[in-house]
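Those protein sequences? They're chains A and B, same order as listed. Under our numbering, the residue at position 200 of the first sequence is numbered 200, and the numbers go up by one with no gaps. Under our numbering, the residue at position 74 of the second sequence is numbered 74, and the numbers go up by one with no gaps.
What you were told as hints is all true, and nothing was included just to trick you.
Computed footprint of chain A on chain B, listed as stretches where at least three residues anywhere in the stretch have a Cβ under 8 Å from a Cβ of chain A: (1) 4–13; (2) 16–28; (3) 41–50; (4) 72–81; (5) 85–95.
Think of the hints as simulated: they come from the structure by calculation, not from any bench. What you are looking at is a predicted structure, and each value in this text was computed from that prediction instead of being measured. All C-beta atoms in this analysis are idealised placements derived from N, C-alpha and C, irrespective of residue type, glycine included.
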Amino acid sequence: MEETLERPAGRLGATARESVRLALPIVLGYVPVGFAYGVLAVKSGVSPLNTALMSVIVFAGSAQLIAVGLLAVGAPALSVVLTTFVVNLRHLLMSAALAPHLAPWPRRLLALFCFQMTDETFALHLSRFSRGDTDRGVTLGVNCTAHASWVAGGVLGAFSGSLIGDVRPLGLDFALPAMFIALLCGQLKGRPHLLAGLAAAGLALLLPRLGFGQWSVLAATALAATLGMLAAPRLEKSAAARSGR
Amino acid sequence: MDQRTIFLVILGMAAVTYGPRLAPAWLLSRRELNPLLARWLSFVPVAVLGALTAQSVLAPAGSLDLSAGNLFLWAAVPCFVLALRTGSFFGVVALGLAIVAGTRLFLG
Chain A
1 MEETLERPAG RLGATARESV RLALPIVLGY VPVGFAYGVL AVKSGVSPLN
51 TALMSVIVFA GSAQLIAVGL LAVGAPALSV VLTTFVVNLR HLLMSAALAP
101 HLAPWPRRLL ALFCFQMTDE TFALHLSRFS RGDTDRGVTL GVNCTAHASW
151 VAGGVLGAFS GSLIGDVRPL GLDFALPAMF IALLCGQLKG RPHLLAGLAA
201 AGLALLLPRL GFGQWSVLAA TALAATLGML AAPRLEKSAA ARSGR
Chain B
1 MDQRTIFLVI LGMAAVTYGP RLAPAWLLSR RELNPLLARW LSFVPVAVLG
51 ALTAQSVLAP AGSLDLSAGN LFLWAAVPCF VLALRTGSFF GVVALGLAIV
101 AGTRLFLG
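Turn these sequences into a full structure, and let the hints guide you.
Following this line, the structure appears as structure tokens:
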């Protein structure tokens, strides 16, 4: 039997290969966006060391791009941290969704898994877990591969930053809006969610005019989520009534 | 901002990012989330992304810009179509950068 003859080193190799294979689509997205982050970070006056450090210990694509954008315009430290908190609050839900699958995990590995949980690794693992593919080695291998590619992209960007005079001809200033669009479309899963997204969009444009400043994204999110929750039973009922007719 | 302050900002960012990633899995792995809170939380991702997308596409310079000169607005349209059709994260980012870079190259 081949399996019984296989030594731990061979299994480790198979786990690593499977991890890289699964993580490849994420890597293809992370390297260029990470590169854009690295370039924009050093352009905003963040040292290459701090640029790399943020990719290692924060590991949150959109929040990192927003943070360097805020640092570039001289936003106060507290507002950068608060904005990061609001933008990354969505992970609360993802973590709650994976909680039942992670219940049997040793706490140390669970803590490591959550440290590397992003929109993309969450989506991948949720679909793997729900079809019964729960191998811990592969799960953590995918996360480490994705994390390493994010850091590598950022470091490459940080060192190219000084060579690139202006990010505009490369379109890198559109990296973040494009990423928001891709992530937003993945969340439009029904009429209540579409309504909440549209309401948040409108409020996010209106609230800055009413003097909400840095708080406008937080306020728009809270109001729109509440509206979506209140409207959901009504919208679902009317949709059911129409399909019933 | 000096690098020491930026370092402290990064530590703060790491803490407020890791908290929401860890807390539910750590605390709820054997308990159920309050259903009302769970419903509300299910709308948070779409709301925060709707708010961020609107600001970055419709007000790229800080104030609402619905003019034909807002390149991000034009670039966003094919990105939305591709995102809704394929859901490809990399494809959408690549298309967006190509449109913005290409337009600036050919139209100045």
